[in-house]
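Colleague: Taken in sequence, the protein lines are chains A and B.
Here the first sequence is numbered in the numbering used here, starting from 13 and rising by one per residue.
Here the second sequence is numbered in the numbering used here, starting from 140 and rising by one per residue.
Think of the hints as simulated: they come from the structure by calculation, not from any bench.
Derived pair list, reagent style BS3-like, types lysine-lysine, alpha-carbon separation capped at 27 angstroms:
# : chain 1 : residue 1 : chain 2 : residue 2
1 : B       : Lys588    : A       : Lys137
2 : B       : Lys588    : B       : Lys480
3 : A       : Lys134    : B       : Lys588
4 : B       : Lys275    : B       : Lys335
5 : A       : Lys37     : A       : Lys177
6 : B       : Lys152    : B       : Lys414
7 : B       : Lys275    : B       : Lys301
8 : B       : Lys515    : B       : Lys550
9 : B       : Lys559    : A       : Lys25
For clarity, every value in this text was computed on a predicted model and none was experimentally measured.
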Amino acid sequence: MLEVKDLQAAVAKKPILKGLSLSVKAGEVHAIMGPNGSGKSTLAQVLAGHPSYEVTGGTVTYEGKDLLAMSPEDRAKDGIFLAFQYPVEIPGVSNSYFLRAGYNEIRRHRGEPEVDVMDFNKLLKEKSKVLHIDESLLNRPVNEGFSGGEKKRNEIFQLAVLEPKLAILDETDSGLDIDALRAVSDGVNRLRSKDRAFIVVTHYQRLLNYIVPDFVHVLSAGRIVKSGGKELALELEKRGYDWVKAPEAAEAR
Amino acid sequence: MDTVEQLATREYKWGFVTNIEEDAFKRGLSEETVRAISAKKNEPAWLTEWRLTAYRNWLKMVEPRWPNVTYPPINYQDIIYYSAPVQAKKKTMDEVDPELLKTYEKLGIPLEEQKRLSNVAVDAVFDSVSVATTCKDFLEKLGIVFCSFSEAVQKHPELVRKYLGSVVPPNDNFFAALNSAVFSDGSFCFIPKGVKCPMELSTYFRINAADTGQFERTLIVAEDGATVSYLEGCTAPKRSTNQLHAAVVELVALENANIKYSTVQNWYPGDKEGKGGIFNFVTKRGKCAGANSRISWTQVETGSAITWKYPSVILLGDNSVGEFYSVAVVNNFQQADTGTKMIHIGKRTRSTIVSKGISAGRGNNTYRGQVKVLKKAQGARNYTQCDSLLIGDRCAANTFPYIEVQNPDAKVEHEASTSKISEEQIFYCKQRGVSTENAINMIVNGFCKEVFRELPMEFAVEAQKLLGISLDGSVG
Ligand SMILES: Nc1ncnc2c1ncn2[C@@H]1O[C@H](COP(=O)(O)OP(=O)(O)OP(=O)(O)O)[C@@H](O)[C@H]1O
Ligand SMILES: [Mg+2]
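Go ahead and model the full structure; you've got the sequences and the hints to work with.
Modeller: Right, dumping it as structure tokens:
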């Protein structure tokens, strides 16, 4: 589904990703861990097409297409979803209106008819029940005044509504209380299917008890330095990152 | 490039010119011009005198320099003060020049009976004259007068004489004085005691001729317990020179009367280099003369090279209510200095001001508002909310609130905010599949929601679309 080869990317002229390769097949869940500043969010943003991140080398193929040549909205319409580490507030635009706009864009792209307000609100109601989202959040402006945890939950709610093919979760577990963590993991697990893949960025092995990954990768200084199964997360939890760090990251300390 | 900074062209789709023979005066302004306009309209002597007094006053006045706008000096002798289609107003719609009907149809305001918007009566003003007024007979049966100003002078001189200049005196300000001297046409509405006007009344102003100034005059009077909702729209052809539009609008609400006045202003704004466009220098004021009366201004200002206007309310009657809801958009090189004045004189008078300024491109947007509570206005209340939204880094927003309270019991609240549409917001929307254009539209419409809510339903959708068009290309 997704083939990342030797990817290099820079922000504000500073190289961050330095030859990252990753292969994700439909149905798989990949966890990405790694120290602060190692480039996890950068990878997520590059895959989503954020204009501030400049790709300086390598290739990304998504369902046989050159992902890097696609606009961010086309990537979204083709099924890529990013749950942001820092979800953005959009004052004045209600959550439900916002979601319906995206939902219908995606449907139009697939050649499906648009969904009207009534039907869409029904859908939102159902999904909000499953994820234990307070219905009042639906009519509030997107993320405005949401608590940190509510913002993260709202990302997963959007994920559940938009049903992408490839979902990238950037530290969705940070800032969640135990109940919310369970609700969010439940939501993700429910969406797991043989056609859908997940890339889950996290610092905590705890999340991976709920969302059990097929692969765990360690990112350090812009490269994947170690990959393994779910037991790698447990080992990292015990031993920290020092033993797997890239030499240049270790030297920098 | 994908930055919020970038500007592109936008299309002004109302920019066509109607080819029609017009009867126009020579350029220039003198007592003779004023007399000639008055004679053209076959006006009574008192009105000619009224105009001349205004003209003489105007000669002694100077153009205001305090607005936060810049423009080259206007040569008042280089303007044509009267221009009207040769085939002027006819009794029935069938007799109106088909070219004119076509023009209004193209503008989305069909005048022929079968094509009209239901529940809206239209007075169509073309350059200096009204060319058609719809639904007149139906309204007449209810005692409502809705006709061109010129017709009102002929048919209801006593009403015109009683109320003309009673809210905006002819020497009020430079542009009001100019208008009082040379005004050519406009709309007149009179809603008698106890009558609730069953349909929207509207005037559609169209500037067509080049180098012509448009000086229209609108007067709306609602007697005791009367209610009316009125809407004006305006467009002009694309031209590389500036054109002056200096209107005066007066509203009078007697006891328990209710006037709602909405504007969707879409004059040609000039091109993306800032060339051409309308100078929109307008004086609009309402007087809540009777107790418990209410005047509400709603404006969506998207056009004009320069907008200078402050629709105001004089709250004279006890318990009267004044409202001002405004969306003002500037893009490219447009400038706006707009706001309101709420003058509290009567007891327990209340006013609400909601101003939403949107600046894009190199646009410069100023809110200027005055809230004045006089000594006797026991228990007066004002609430002002003033929000600015910036799109890009080269535009500007300013807020100048003037508050003067002479009654210690009055309560005046002012809230202001400035926000910016950020790259991060746009990217977030795109990541959900929404294009930049739609994202901006969504955010801007959300920002303006409180004002659009105040527009008559038929026009709220129009206004939203218009906003989309005027911000088209404000981002890359
Ligand atoms: N806009 C920017 N300008 C300058 N440097 C940036 C910018 N965005 C990211 N960086 C830098 O890029 C590096 C990688 O950042 P990134 O956010 O990808 O790390 P991360 O692995 O997600 O870290 P964390 O675990 O703290 O979220 C950091 O050193 C960061 O400071
Ligand atoms: Mg991060």
